[in-house]
Each structure stands twice: as structure tokens, then as C-alpha cells.
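Going down the list, the protein sequences come from chains W and D. So that you can map any letter, position 67 of the first sequence is 67 in my numbering, and since no number is skipped, the others follow by simple counting. So that you can map any letter, position 129 of the second sequence is 129 in my numbering, and since no number is skipped, the others follow by simple counting.
Using 30 Å as the maximum straight-line C-alpha spacing, the simulated DSSO-like pairs for lysine-lysine come out as follows: (1) W:266 to D:164; (2) D:38 to D:195; (3) D:170 to W:266; (4) W:178 to W:134; (5) W:202 to W:42; (6) D:113 to D:85.
A short list of chain W residues far from chain D (calculated; beta carbon distances all over 10 Å): (7) 105; (8) 260; (9) 350.
If you're looking for bench data, these hints aren't it; they were derived computationally from the structure. The model shown is predicted, which means the values in this text are computed figures rather than measured ones. For every residue, glycine included, the Cβ atom is placed at its ideal position computed from N, Cα and C.
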Amino acid sequence: MRKKIAWLVVILLLIVVKSCKKDAKIDAPVTDVYNPTPYVLKHEPWYPPFNLPSDNALTEEGVMLGRMMFYDPILSADSTLSCSGCHRQNRSFSDSRRVSVGITGQLGTRNAMALFNQMWNRKFFWDGRANSLKEQVLMPIQAHDEMNMNIYDLIEKLENSPRYQSGFKKAFDVTEIKPLHISKALEQFLITIISFNAPIDKLWGRTDTLNVINASALRGLNLFMTPTQNGGADCFHCHSNIPFFGNTSITGSMANNGLDAVLTDKGFGNITGNLNDEGKFKIPSLRNIARSAPYMHDGRFQTLDEVLDFYSTGINFSSPNLDINIASHNQQLNLSGQQKADIIEFLNTLTDTTYLNNPAYASPF
Amino acid sequence: MKNYIKILLLSLVVFSCKPENPPPPDKPADETVSLTFKFTGKFNDIPMSWLNYVVTHANDTIRVARLKYLLSNFVLEKSNGEFVKLTDAYGFISLADRLDSFTFKNIPKGDYKSLRFEVGLDSAINHGNPQQWSINHPLNPSVNDMHWGWSGGYIFQIVEGYYKSNGLEKAFSYHVANDVHTQKHALVYDFTISKNSKFEMAVEVDKIFYNAVDFSIKNDGDFSHSGDPDLVMDKFFKNAGGTIQIDNFK
Chain W
1 MRKKIAWLVV ILLLIVVKSC KKDAKIDAPV TDVYNPTPYV LKHEPWYPPF NLPSDNALTE
61 EGVMLGRMMF YDPILSADST LSCSGCHRQN RSFSDSRRVS VGITGQLGTR NAMALFNQMW
121 NRKFFWDGRA NSLKEQVLMP IQAHDEMNMN IYDLIEKLEN SPRYQSGFKK AFDVTEIKPL
181 HISKALEQFL ITIISFNAPI DKLWGRTDTL NVINASALRG LNLFMTPTQN GGADCFHCHS
241 NIPFFGNTSI TGSMANNGLD AVLTDKGFGN ITGNLNDEGK FKIPSLRNIA RSAPYMHDGR
301 FQTLDEVLDF YSTGINFSSP NLDINIASHN QQLNLSGQQK ADIIEFLNTL TDTTYLNNPA
361 YASPF
Chain D
1 MKNYIKILLL SLVVFSCKPE NPPPPDKPAD ETVSLTFKFT GKFNDIPMSW LNYVVTHAND
61 TIRVARLKYL LSNFVLEKSN GEFVKLTDAY GFISLADRLD SFTFKNIPKG DYKSLRFEVG
121 LDSAINHGNP QQWSINHPLN PSVNDMHWGW SGGYIFQIVE GYYKSNGLEK AFSYHVANDV
181 HTQKHALVYD FTISKNSKFE MAVEVDKIFY NAVDFSIKND GDFSHSGDPD LVMDKFFKNA
241 GGTIQIDNFK
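Next up, chain W with everything else stripped away, as it sits in the complex (with noise of 0.2 Å):
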């Protein structure tokens, strides 16, 4: 009897044992427990209505592992170079330069984007290659001119990181990190940039409109929100989902606003391969946009002047594919400088100072 009692003791213990072995992988500190904190989205009443995606809920350890791998080098092939490095919160996460400059130095050929409100876009992208946030960005990780870094190089990083073994397990319960854990978390965190607290906005439902923007900005967004036809800049036919000042549709958020007669960058058109798209690029928001240039896909005008002396007197009518609500003006708008200084003077309104010095959204190291 006591040799039985002895063999069960011995094999209790084994399994005891085989079940406290270390992770083949992560040696997690035992203090990381799978908890999450679910994270409250302010919505104010005035935001556009919103799906959070239902595959990937917020939490403030995953707003937070996103927040830390955006601001880390770590995700770079030399570790040099983070989301960060041409996505500054005070430029509306854009960059100054007129194209983004990967590791080894090697030009881009786009400038990037301004990063806010991204859960309402449905295209990503300047050519709209990416149809989700979550396929979004994966890709300047791994692109060759930008942080040329694979993903399964990345994750062994990743893993190797005590910061990032205790954030993957507490936002993720995971201890083997994935392509979409990492996915998952800079999608939660780019979920949390919104910006929708600039003078313009505090413009809803209010009829003293010159209390809130001064005479010249309502002379430019009356500029802005009429036909040419009718003496206006016509700026909203593109820009025409007002809250976002820009283009989140499924059909509409694709153009050709007539930078070339001749097209060096085909834009959309490589992305589906259809000739009626050359040429195409997203139609960006312009909130933000004082603080944002360079302008247009290749950063090519440095100043808003600029970008209104195009609209003024500059549009390629030959350019293929040149958006019908461009095309339909069938002559140049010849802005006179006080129209354009409205409307500059407008678009300033578009400024959203919270969200620029967000302390949420700054580096969290």
C-alpha cells in the first residue's frame, strides 16, 4: 500500500511539474495576468456615428501596446525608424518632408498621411491599397522604401522584449504573438486619434456663426460650400462629407484633381488595374490641413498659397480621368487673392489644437 501511495505521489508531482513548465517561448513575469480594462471612446454628440470593430474591442492595455509599438523603432528592420518618425502628432502625424525617407535612406515616392478619425475611412492610403485599418498597418512595416521589416523577424523581436511579452499578454492573453495581435494593437491605439474639437466645430446648430469664425472664414467657407457656376470655389463637391471635410465614402473617396496632363503615378489605377482609375488619389481630409504640409500625394506644394494657386489657375482639364466635378467647371476658377486668402482663412477653423497636443496621444516613453 505505502508503494502505491509513493507511486501516486511521484506521479502527481510530475504532472504538477509539467504543468508550471515555462512557456518554450516567453518567460512572462508572473505578475502579467489577462485582465483588460475595457477603454471608454468619449463620442461627443456631434461626432458622425461610429462601428467599433466587433473582432477586436478596445482595451486600455491594447490602446496602449499599439501607442508603445507606434512610438518604438523596434519595428524597423535597424530599429532606427518608428510609425512616429513620419507620423509627428504636432504635424497632425504627418511629415514636413515632401516624401517619407525609409531606413537606408531611400525615397518614397508619397508623402504620409495625417493620421486622425481613421475609423470612419473605408479606403487607406494616398492609392487606396488598404481596404481596413488592420491591413493598413502592417504594410509600412514591411514595405521595402520604409521600414523594410518582416513581420516574422518583427514578432521574434517582439518576443524577445520583456516590455512586449508583458503588453502582448495583458491586452491579448497571448504569450505567441501573431501578425494580427500586432495588427490589432496599433489599430486600437490609431482607433483613439480623433479630432474633432476645432472652431468649426463648435459651428453645430448655432445661427451666430460670427461669433465662432471671424468674416473672412465665413466669406471662404461660403467659397468653399458653392458651385463654381454659382461664383464659388467649389471645394465641398470633393470634400464633401462636412464633418470630416474630406471624402469617407465607398464610391466617392477616389479622384483625379488634374495635377498632370501626363500621369507619372497612376494612383488607384495600380491598385485595380482599371484604366478609369489612373491617375486617382484619395481625396484627404482637411482638418488639420494648416498644420499638415506639404500638400497633394507627392508633397509637391509646400504651402496652402500654393495648393490655391493650383486650384486657381493651375488644373490639368487634359488629365485622364479628371474628377467630372472638377471637369464640369470646364475653365479655371481664377480665385482673386482675397477669395483665396477666405478661404485659407477658413480652413484654419479647421485647426484642431486639442488633438495636435493630445497628451493621449504622445509618445508614451
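For this one, chain W is given, so just place chain D on it according to the hints.
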């Protein structure tokens, strides 16, 4: 002791074998089904190509590049004359983008003799807050890109494209909007709904330019955003009725 164990084991077997909730009584057959509307743009009865030019009755050589509609107020008329108004039934189509269909649920089965709907929206909806609609609702501006911002209301119909003029390619753009431009369509058609069904609808683009009147893009104007007054829209809108027809019902 052994008896207690036997009783315990027997109890476990009995409880584990207890049937799940008793089967529900015979459920009456579902009396409602879904109804899909699928639209095809046609020119002279031939499906439209959004890449090729066609010639209108007024001899304009045109290529339609955008053809978008907001539809509402769907009513089915039963054979006995009773009207079935579909609630929260809004449709958005953008035919050149291949967004050409939508489906309504909870349609009562039965025999019907007509279909009615409107291109456009009731005034309260038209001038209501466009952000009240959920992110994928057909009236959300992020879905349809057919709202003018603030109190401007919705565009009900967009017809845009290019036309040839003296060897040059120019653009035309007609945005039908404002409450007065709601288009009422009443199509007499016998149909029986006994299962999930589909209307195959034709948008007859040739009739947009030649129906009640012969509309010439070159001569009557290549642009209208439904101003007030707006002579171009006055003439363009005269052709609206009868441009959407039922091709088939399945």
C-alpha cells in the same frame, strides 16, 4: 455505502439523459420573406457600358460615368387593393460602382398588383441630421456621398459624365435635389411573393435625355445643381417619370 454509490451513479445517468427543453409546438410557417431590388442601367434596352460612348436622341455623344439614386417610400399594392408600406425602407444605388442592389426583409407573402416608390426623400428626412444614420445605412453620407452638408439636404439623383463638343471632351453634371424634385414611380405589375424574391429593375438612361422632352446637353445646358430658379433642371426633370421600369420578377 455501495448502495449510495449506485444511487449516485444512477442519478447522474438519469439527469444526464434528461431530454433538453421539450420540442416547441408546431411553429406556424413564416409569413414574411425578403425582397431584393437589383438595378441595371440600360441605353436603348442594352446594358450600359460605363466606358463607351452612346448617342442620345438629341445627338449628343455621351459617356455616363456616375449614375446614383436615393430611393424611399416603397409601397406594394396587394391584389385586393390593400397597400403594404415598407418601413425604414431606403435604397442607395451607384450603378457605375456596381452598387446595384438592396434587400428589404419582413415582406408579407401574397399576391400583388403594383409597386410604388420614390426617387428622393420625405422633407423631414431630407432636411434632418444626416449623422443620425448608422455607419452602413443607405442615408449615411459616408455610404452614399450624396449629402450637401448642413441644411442643404440630400441629392436624390446624380447623372454625370462626359460629352463630345467640337472635338473636345467636356463634362456634364446634373444633381437632382430639393423637395420639389421628388420623383414618384408607380409600376403596375402582377407578382406573387411566396418566397424570398427579387425585382430586376432597369434604369433607362436613354429616357433620362428623351422622354417627355428631348434634352440636349449641348443646347440645354451641361450643368445643374437644382438651383432656384433653374431652367436647366426644369427641363431635365421633365423626363424623370418612367425612367425606371420592372424588367423581371423572380
